[in-house]
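Same order as they appear, the protein sequences are chains S and L.
When we follow the numbering used here, the leftmost residue of the first sequence carries the number 681, and every step to the right adds one.
When we follow the numbering used here, the leftmost residue of the second sequence carries the number 58, and every step to the right adds one.
Just so you know, these hints were derived from the structure itself, not from any lab.
Hints should not be assumed to be uniformly reliable.
Here are the computed distance ranges between Cβ atoms for each label pair [to be verified]:
# : chain 1 : residue 1 : chain 2 : residue 2 : range
1 : S       : Glu-909   : L       : Leu-237   : 21 to 27 Å
2 : L       : Glu-244   : S       : Arg-803   : 54 to 60 Å
3 : L       : Arg-137   : S       : Ala-923   : 50 to 56 Å
4 : L       : Thr-99    : S       : Leu-708   : 46 to 52 Å
5 : L       : Glu-106   : S       : Ser-753   : 32 to 38 Å
6 : S       : Gly-687   : L       : Thr-99    : 37 to 43 Å
7 : S       : Thr-833   : L       : Arg-137   : 27 to 33 Å
8 : S       : Leu-927   : L       : Arg-174   : 17 to 23 Å
9 : S       : Ser-753   : L       : Ala-255   : 21 to 27 Å
For glycine and all other residues, C-beta sits at the position ideal for the given N, C-alpha and C.
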Amino acid sequence: MLGVLLGPLLAEWARTCAASSRLSHALLVPLLAAVLAWRAPRKSGGGLPEVTIPGACWAAALAAALLVAGGLSGVFTLSVLALPLVLIAWVGRAFGAAAVRRHAAALALLFLVVPPPMPLMDRATPLLVALSGRTATTLLRPFDPDVTWVGSTLGFRGWDLIVAEACSGSGTFLVLGVLGAFLAALFHLRARAALLVVALVFPLALLVNGLRIASSALVIDAFGARAGEGLAHELLGQVVVLAGAALLAWGVERQGRTRPAEGRP
Amino acid sequence: MIGAGILRRAAGALLFSAAAFSFVLEGGWLARPVLPRLAELTGSLGTLEVLEPIAFDLTALGEQPPEAHAYLAVRDAGGREGRLFLAYYERAKRWSGRPHDLEGCYAASGWSQVAARRLDGAPHPMARTFEREGERVRVVHWIDHPGAEPAPEASGLLARLSGASALRRDVVSVYLEFPLAETPGDEALGALAEQVSAALERVW
């Protein structure tokens, strides 16, 4: 019944994420959380319903407050923030506190379905653009010592490349952030190591985005302006981001291998 | 244990009530959006004369374009020519509940903000001065909500809630731009914003 009532909100969330290149990764978060839930370590005696779950009650009350606040204010982020809390409340109510503890990683990951507040993104994006540009110019300097970056425009070998907002790096940062959090939970990293992984996402995103801009400039310089548009450009971007994701996964896997497995099935 | 049971039922009732509220609101059964008739914004908007529509590349509207828009050349009573842009968002598309911040749009096009202040007048617009390669423009902008504008001393949300259209999510993002050398004074700009907002309310 609760799922039915929250259906329109979920539909709006799916439409919003699907329509934005920076948010589309959020559609995968429920699937990633399901993977974590499936691989959660089993503990004997867990999963029996308990008579009272105060934590689940508070989660339910907080979710209710967020749904009302989001509805009245029109701030979509607030409404969506209620969704993982609803699930926490339901898991606690149906399966007990032990189940909430057992699936804590999966439930925590679900908070990444919440789009980051746009005012925050609007303040972070210019910084990401500037730093991505600096990375790109560093990578391109061997090819052109006079390469420049002004605003969001790359000056390379006498011509200018205006970098669209879609290439600001914010989408890459969000994708790698979700992936880092998922991998940290999947490999059961300790808190400090997990935080290190998440912290490294920012410089990795800058490197990936800088590399994407630099490679686009080289492709355009070699094959003309049309090579910097359409499917070829999109594919180049995806390859670079996938390479960054693979690098992140390799690093997390190496980190996870340095400590013995605990409670894995 | 009795107390715990009451706590559980109360939390459950709260959550179901909030979910029901979300259902009717998000499902569109409460406070349906209304598409404004922007094409009727012709002739005069108070003392602001509408000259002609301005053509532009629609891809500039981004990944989540507004449901309706109007881009108009305008002239004030003093003969100063400017541009008026209105963008209607049925669901305030941006996921924080608002269309894109104007200063972000201008920054993405290479403009640097050199001044900003809030103007007097019912829609309480912001007036910003931007500069790019020696060119300066003054831009007055605000997010127009359906219904009467709240009193300036009232909290925006609380004041809007007292209106019949309080729960409507649709908004119109408005900006009025003049070259800085030909811009009206701030008091006149505030008055123009009030007139545009009133004209918009008549077609919405």
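Outcome of the hint check:
1. S:Glu-909 to L:Leu-237: 21 to 27 Å: violated, 35 Å
2. L:Glu-244 to S:Arg-803: 54 to 60 Å: Violated: the Cβ-Cβ distance is about 31 Å, outside 54 to 60 Å.
3. L:Arg-137 to S:Ala-923: 50 to 56 Å: holds, 53 Å
4. L:Thr-99 to S:Leu-708: 46 to 52 Å: holds, 47 Å
5. L:Glu-106 to S:Ser-753: 32 to 38 Å: holds, 37 Å
6. S:Gly-687 to L:Thr-99: 37 to 43 Å: About 42 Å separates the Cβ atoms of Gly-687 of chain S and Thr-99 of chain L, which means 37 to 43 Å holds.
7. S:Thr-833 to L:Arg-137: 27 to 33 Å: At roughly 31 Å between Cβ atoms, Arg-137 of chain L and Thr-833 of chain S fall inside 27 to 33 Å, so the hint holds.
8. S:Leu-927 to L:Arg-174: 17 to 23 Å: violated, 47 Å
9. S:Ser-753 to L:Ala-255: 21 to 27 Å: Given range 21 to 27 Å: holds, Cβ gap about 25 Å.
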